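*Asks:* Given the coordinates of chain U, work out where chain P should sit on it, guided by the hints.
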Amino acid sequence: MPITKPSTNSDIPLIRLERVSRFFRPDKPALFDVSFDIARGEFLYITGASGAGKSTLLKLIHLSEPPDTGAVFVNGHDVATLRAGAVSVLRRSMGVVFQDFHLIGDLTVGANIGLSLEVLGVSPSFIARRIREVLAEVGLEDMEDEIAGSLSGGEQQRVAVARALAPRPQLILADEPTGSLDAYSADFILDLLETVNGNGATVVVATHDRMLMAARPHRILALDAGRLVGMSPRQKAASGHGQPDAGVKEVG
Amino acid sequence: MEAKPTGQFIYRAAHILLRATGGIRRRPWLHLLSTLTLAAAFLSFAATLTVARNLNHLIDRWVGNSEMTVYLKDTSTADLERLRNAIAAIDGVERVEVIRPSAARQNFARDLGAFGDLGATLPEAAFPASIDIHLSRRLADNDRERHALSARLSKVHMVEEVEVYDDWFKRLSAMSTMGRTASWGLGILAAIVAILVVAATVRTGVAARRKEIAVLRLVGATETYVRTPFLIEGGIEAAIAMGIALFCLQQMMNHVDAVVGGIMPLLGGGRILRLESTWLLFMVVGGLLAGLVGARLSLRRLEEA
Numbered sequence: 001m002p003i004t005k006p007s008t009n010s011d012i013p014l015i016r017l018e019r020v021s022r023f024f025r026p027d028k029p030a031l032f033d034v035s036f037d038i039a040r041g042e043f044l045y046i047t048g049a050s051g052a053g054k055s056t057l058l059k060l061i062h063l064s065e066p067p068d069t070g071a072v073f074v075n076g077h078d079v080a081t082l083r084a085g086a087v088s089v090l091r092r093s094m095g096v097v098f099q100d101f102h103l104i105g106d107l108t109v110g111a112n113i114g115l116s117l118e119v120l121g122v123s124p125s126f127i128a129r130r131i132r133e134v135l136a137e138v139g140l141e142d143m144e145d146e147i148a149g150s151l152s153g154g155e156q157q158r159v160a161v162a163r164a165l166a167p168r169p170q171l172i173l174a175d176e177p178t179g180s181l182d183a184y185s186a187d188f189i190l191d192l193l194e195t196v197n198g199n200g201a202t203v204v205v206a207t208h209d210r211m212l213m214a215a216r217p218h219r220i221l222a223l224d225a226g227r228l229v230g231m232s233p234r235q236k237a238a239s240g241h242g243q244p245d246a247g248v249k250e251v252g
Numbered sequence: 001m002e003a004k005p006t007g008q009f010i011y012r013a014a015h016i017l018l019r020a021t022g023g024i025r026r027r028p029w030l031h032l033l034s035t036l037t038l039a040a041a042f043l044s045f046a047a048t049l050t051v052a053r054n055l056n057h058l059i060d061r062w063v064g065n066s067e068m069t070v071y072l073k074d075t076s077t078a079d080l081e082r083l084r085n086a087i088a089a090i091d092g093v094e095r096v097e098v099i100r101p102s103a104a105r106q107n108f109a110r111d112l113g114a115f116g117d118l119g120a121t122l123p124e125a126a127f128p129a130s131i132d133i134h135l136s137r138r139l140a141d142n143d144r145e146r147h148a149l150s151a152r153l154s155k156v157h158m159v160e161e162v163e164v165y166d167d168w169f170k171r172l173s174a175m176s177t178m179g180r181t182a183s184w185g186l187g188i189l190a191a192i193v194a195i196l197v198v199a200a201t202v203r204t205g206v207a208a209r210r211k212e213i214a215v216l217r218l219v220g221a222t223e224t225y226v227r228t229p230f231l232i233e234g235g236i237e238a239a240i241a242m243g244i245a246l247f248c249l250q251q252m253m254n255h256v257d258a259v260v261g262g263i264m265p266l267l268g269g270g271r272i273l274r275l276e277s278t279w280l281l282f283m284v285v286g287g288l289l290a291g292l293v294g295a296r297l298s299l300r301r302l303e304e305a
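Chains U and P supply the protein sequences, listed in that same order. All residue numbers in the first sequence are consecutive under this note's numbering, ending with 252. All residue numbers in the second sequence are consecutive under this note's numbering, ending with 305.
Same shape as in the complex, but just chain U (with noise of 0.2 Å):
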């Protein structure tokens, strides 16, 4: 079966961390002893307080991290046993947005678009429309020539989700995606990412803002200090639209 392709097999998470540790100060973990499942479709918080180890659980789902110990999967494969190029395919799968949007600000919106789309392989004329399409679903139609270091921060993050949704993820990985925006515009994105979570994308939401997870509710994973201690449980649809949480329960 290709990495990237959705397993045929439901039973398969599509992302499994088990007994996961990550160090980078042998006395103080990142992460420590980590396992959980993700499934298809769901919508995930990971919160934890500054320094929990939110952004590295987040880079070790999107593989630019190894685990120091335990196994990750993707896709019910082993990241470990696959090649570079492999892993770089399965990037391929995954959309990231940061909270600050890691955009190139010299470079014009389609362009910063297009990154997602050149390394696909796929013809400048596909680029071209999937970028105005795109760019349509995040409300900035007319911003493709702009340069992006000229937006602002709500319009920056806009072009940084439409970069993650241009190649159709299956999966989407948001630091903080509104940890730097005004409440409007923090909705606005809160909102794409349901709407693409609802079209079948599994999203995960790394955020310590606790306002936001009460106001749009959805499985919630805790961390503290690398630690699992908190995980909500799953919710019946894995559609991630509406259903009330059901709270945390500490694990462990």
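No wet-lab data here; the hints were simulated from the structure. There's no promise every hint is true.
Ranges between beta-carbon positions, derived for each pair [claimed, not checked]:
#1 P:Q250 <-> U:S150: 43 to 49 Å
#2 U:N199 <-> P:F282: 29 to 35 Å
#3 U:A84 <-> P:L281: 20 to 26 Å
#4 U:S150 <-> P:A200: 28 to 34 Å
Since we're looking at a predicted model, the values are computed, not measured. Cβ coordinates follow ideal geometry from the N, Cα and C atoms, glycine included.
*Replies:* Relative to chain U, chain P alone:
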């Protein structure tokens, strides 16, 4: 969403090429400066190579004319023929050519090039008959045997003088060796300069595009996809620099030809030689490779990024 494998390869190659040329377009002055620096280094190498080639050619012409010339006193045709036959029969003599006074005068006028008319005004009597002796390589390279033959011929009563060209050979050989060494030295220096300049330029590009590289990796670009544009950038820059250097060299050679081309025959060198097309191709490819090596070196830092 990905295209078919063949299409993917073509489109990725096109995107990589666009990324490489885009890198040059985004920092035109930096690339122009480094290209001109490279062109200057390549030009000094190519010019020295051209000088060395012409020196070699000069030596070949001298050596190719004859390894020994026997100048004769006033001699009858019959004696001249006998002496010619006798020399031709000597072991190690490959060919013998009799130069009569009229032919000697013509050769002199030809060798004067633009001043040929001057030679034509001199009387034939000013040009003694001579015999050019072409030796086998074994004998030509053996100083002792060559001088022994010269001494033997000097004792013949009709021989005025035997010229073995030792001084000329030694001087020209020394100059040729110097020219060859200088061209090799400058070639190596030019390659080092190319590698360092391209490495510095590409390193600047990598630093300026660090964020772009990070984003490319985030969206699933392979290391090959990330690095290849920088390699192409370095290769293109060095190849263009070599092209500029060779164009300048051609212009310089045109100028040199116009100024000293007429008196070159005086030096026995005939026309001024230029680098052959195979050499030009070799140098452009060499420049390209030096650029690739320079870019590759600068990309080592990407591994740490």
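*Asks:* Each hint needs a verdict: does it hold in this structure or not?
*Replies:* Hints versus structure:
1. P:Q250 <-> U:S150: 43 to 49 Å: Taking Cβ atoms as reference, Q250 (chain P) and S150 (chain U) lie about 47 Å apart, which means the hint holds.
2. U:N199 <-> P:F282: 29 to 35 Å: violated (58 Å)
3. U:A84 <-> P:L281: 20 to 26 Å: Check failed, 37 Å falls outside 20 to 26 Å.
4. U:S150 <-> P:A200: 28 to 34 Å: holds (31 Å)
Going down the numbered hints, you'll see the structure goes against 2, 3, while the others check out.
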